[in-house]
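Undergrad: So the chains spell out like this:
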Amino acid sequence: MLELRLVQGSLLKKVLESIKDLVNDANFDCSATGFSLQAMDSSHVALVALLLRAEGFEHYRCDRNISMGMNLNNMSKMLKCAGNDDIITIKADDGSDTVTFMFESPTQDKISDFEMKLMDIDSEHLGIPDAEYHAIVRMPSVEFARICKDLSSIGDTVVISVTKEGVKFSTRGDIGSANIVCRQNTTVDKPEEATVIEMNEPVSLTFALRYMNSFTKATPLSNTVTISLSSDLPVVVEYKIAEMGYVRFYLAPKIEEDEDDTKPQA
Amino acid sequence: MLELRLVQGSLLKKVLESIKDLVNDANFDCSATGFSLQAMDSSHVALVALLLRAEGFEHYRCDRNISMGMNLNNMSKMLKCAGNDDIITIKADDGSDTVTFMFESPTQDKISDFEMKLMDIDSEHLGIPDAEYHAIVRMPSVEFARICKDLSSIGDTVVISVTKEGVKFSTRGDIGSANIVCRQNTTVDKPEEATVIEMNEPVSLTFALRYMNSFTKATPLSNTVTISLSSDLPVVVEYKIAEMGYVRFYLAPKIEEDEDDTKPQA
Amino acid sequence: MLELRLVQGSLLKKVLESIKDLVNDANFDCSATGFSLQAMDSSHVALVALLLRAEGFEHYRCDRNISMGMNLNNMSKMLKCAGNDDIITIKADDGSDTVTFMFESPTQDKISDFEMKLMDIDSEHLGIPDAEYHAIVRMPSVEFARICKDLSSIGDTVVISVTKEGVKFSTRGDIGSANIVCRQNTTVDKPEEATVIEMNEPVSLTFALRYMNSFTKATPLSNTVTISLSSDLPVVVEYKIAEMGYVRFYLAPKIEEDEDDTKPQA
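Chains as they are written, first to last, in the working numbering: chain A, 346 to 611; chain B, 346 to 611; chain C, 346 to 611.
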């Protein structure tokens with residue numbers, strides 16, 4: 346028996362919107378400690394990891410570990426029917442091949458039950474080892490999303506270069522080239538507007554903008570994004586979910602074939 | 346000679362938007378008592394009835410009963426050229442094959458005349474007898490529109506079931522099923538947010554969601570919608586137009602072929 | 346060496362949006378007095394003239410006259426990456442085949458450099474003689490844009506007729522005809538809401554609505570538009586750019602083949 350009651354139901358709506366374009370089908374894993382997901386995107390290039398801790402739910406009952414295979418597009422269709430102020434409860438009976446999403450309006454005058462069929466999905470859980478990163482950048486999530494979108498109008502890849510002074514995003518394409526530098530800035534009025542750089546050594550890595558833009562679908566989940574970079578490790582783009590967990594995206598850097606590290610690759 | 350001056354011209358714009366997707370061509374009937382329309386939708390499944398009473402116009406002159414055939418899409422194109430605060434006057438000379446829509450801006454600095462060709466349209470006026478309904482549901486029009494839209498993402502038909510406690514909207518489709526229950530609630534701050542149920546006997550009827558969604562185009566006309574249901578009678582979905590009349594939509598229930606009354610039909 | 350620093354960078358963004366649909370490639374001419382452009386639209390029917398005077402820039406350095414050929418669509422892509430509050434600096438080295446647009450955020454925390462390749466464009470500069478116009482209409486730019494858009498839903502051409510009392514915009518199409526009259530009105534609260542007519546003799550001229558609608562893309566540049574009309578001269582549709590210059594569009598009237606001056610032409 347599974348029953349997870351989330352007062353701030355809009356969080357779950359936002360989580361789905363942030364990952365459904367990247368992942369078609371995935372297993373949601375439910376245990377005593379939380380509700381989580383780990384999945385590769387459909388082209389097996391990027392990895393998504395979601396965690397919603399049990400403490401973040403108003404009511405959390407999970408009698409035994411279960412893994413529920415869901416089509417994220419169908420799940421998203423159902424969650425879109427929840428109001429932004431609705432309380433969402435996820436329910437499943439033991440051995441059932443369906444999951445039920447219950448939406449309660451704040452006044453309790455409208456109660457909706459959406460029942461969705463579960464799927465059998467083969468998946469292997471990858472262990473993601475803790476790693477030391479050469480540089481960690483924390484910046485406003487809206488700013489990061491804007492930069493990825495802007496650079497996409499010029500080129501296909503972004504070079505992210507971190508120094509103590511700031512982080513530089515560069516691209517090059519047929520119509521020209523672009524460099525955007527965000528300076529470290531911790532003296533802003535609101536902490537979520539700060540750009541903070543922790544750096545052990547400078548890094549400069551190249552990534553496909555298509556994936557970066559896809560990750561920024563998670564922007565509504567958090568005011569800030571954290572980008573962790575090391576040579577030879579996938580970048581981690583993390584959006585924290587207040588008091589509950591996170592959505593993390595992993596993407597391997599592109600290996601450059603020549604010195605020109607901003608040249609777009611086919 | 347016909348001259349109808351409507352100070353709140355945006356009402357006429359909203360009326361057109363509410364029916365133009367359902368009906369292509371229709372006769373507007375003008376008499377001493379009011380301006381009205383009755384028309385089947387293009388697939389002859391749903392019926393629309395509009396009434397704008399003479400008292401609702403600032404000036405209402407209709408020397409003799411006339412019936413003016415109009416293409417609603419063209420009429421809508423012209424009415425879209427009226428500002429939302431404009432006064433609209435409908436004018437036609439006796440025997441003319443055109444109608445003129447005059448728009449006056451609130452400051453009277455801008456006066457527009459749009460002249461549209463009339464059409465000959467065969468139509469028979471159906472008598473709609475007064476009927477006793479098993480159940481009448483009054484609810485916020487925005488809520489009804491939201492429910493019809495949400496259920497359309499799951500299935501093709503909606504079962505509307507009324508009991509004394511509330512009204513239930515159900516559907517079923519390939520990806521799962523959905524039930525939305527709205528409880529009777531008359532103790533809200535604003536009367537237009539109430540859900541009120543008058544019931545003589547319980548009813549449960551099935552309708553095509555495509556038509557229901559089309560009817561909800563009338564939502565901007567009224568804060569509330571009234572749904573009148575009886576077995577073996579078409580449902581009436583009514584949007585009142587403040588102090589002037591109404592737009593009513595009629596739709597026959599689907600006859601179920603088996604016990605499973607939420608099964609979508611081809 | 347060229348370096349033009351424009352504090353209100355959004356002006357340059359708006360200028361590009363106002364002309365990029367009309368003109369594909371054009372030479373920007375830079376001299377000690379200002380930054381200007383003159384170009385025919387791609388079908389060689391309309392002419393665009395832009396002037397941004399040197400005094401309007403915070404810093405203006407132009408060592409010698411140069412003409413820089415740019416693809417306006419690519420330039421627009423780059424300028425869209427500037428924030429609305431950003432300071433924009435246009436930079437070019439002598440003899441360089443690129444131009445750089447630098448965007449500085451108001452806090453100086455984000456600095457972007459976009460480098461675009463220049464093009465060789467053949468163009469001849471037309472001398473536009475000063476002319477006496479029969480009638481000059483100044484009216485709110487939003488109102489003019491609305492009228493051109495509204496009339497486009499009915500017909501393909503607009504007849505603009507000016508008398509001392511007002512200006513009339515007329516069209517005719519398959520579904521009917523339309524006349525919109527704006528009365529001279531100088532007693533409004535805000536000067537930019539006035540409709541002011543200076544008339545030496547009445548004029549009535551016909552223009553293609555497709556071009557008029559294209560000109561109205563400049564509406565965000567100015568609250569008012571000035572329309573200068575003479576028989577046998579191209580109309581001038583001018584949007585002033587506060588304290589800096591203007592965007593002007595020139596379009597020849599259509600010659601009517603019969604008396605019916607509102608008949609649409611192929």
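Take the hints with a grain of salt, since some may be wrong.
Since the list gives no way to pick one copy over another, a pair counts as held whenever it fits inside one copy or between any two copies.
[To be verified] Mimicking EDC-like on lysine to aspartate or glutamate, the simulated pairs with C-alpha atoms at most 20 Å apart in a straight line are:
1) K599 / E510
2) K462 / D439
3) K494 / D519
4) K513 / D454
5) K436 / E477
6) K494 / E546
7) K462 / D370
8) K585 / D465
9) K562 / D458
10) K513 / E449
11) K535 / E469
12) K422 / D501
13) K462 / E583
14) K494 / E362
15) K509 / E348
16) K494 / E449
17) K425 / E546
18) K462 / E400
19) K422 / E537
20) K358 / D475
21) K422 / D577
22) K462 / E403
23) K422 / E403
24) K358 / E546
FYI, nobody ran anything at the bench for these hints, they're computed from the structure.
In this text the structure is predicted, and so the values were computed from the model without any measurement.
Undergrad: Of all the hints numbered above, which does this structure not satisfy? Sort the numbers upward.
TA: 1, 5, 6, 8, 9, 11, 13, 15, 17, 18, 19, 20, 21, 22, 23, 24
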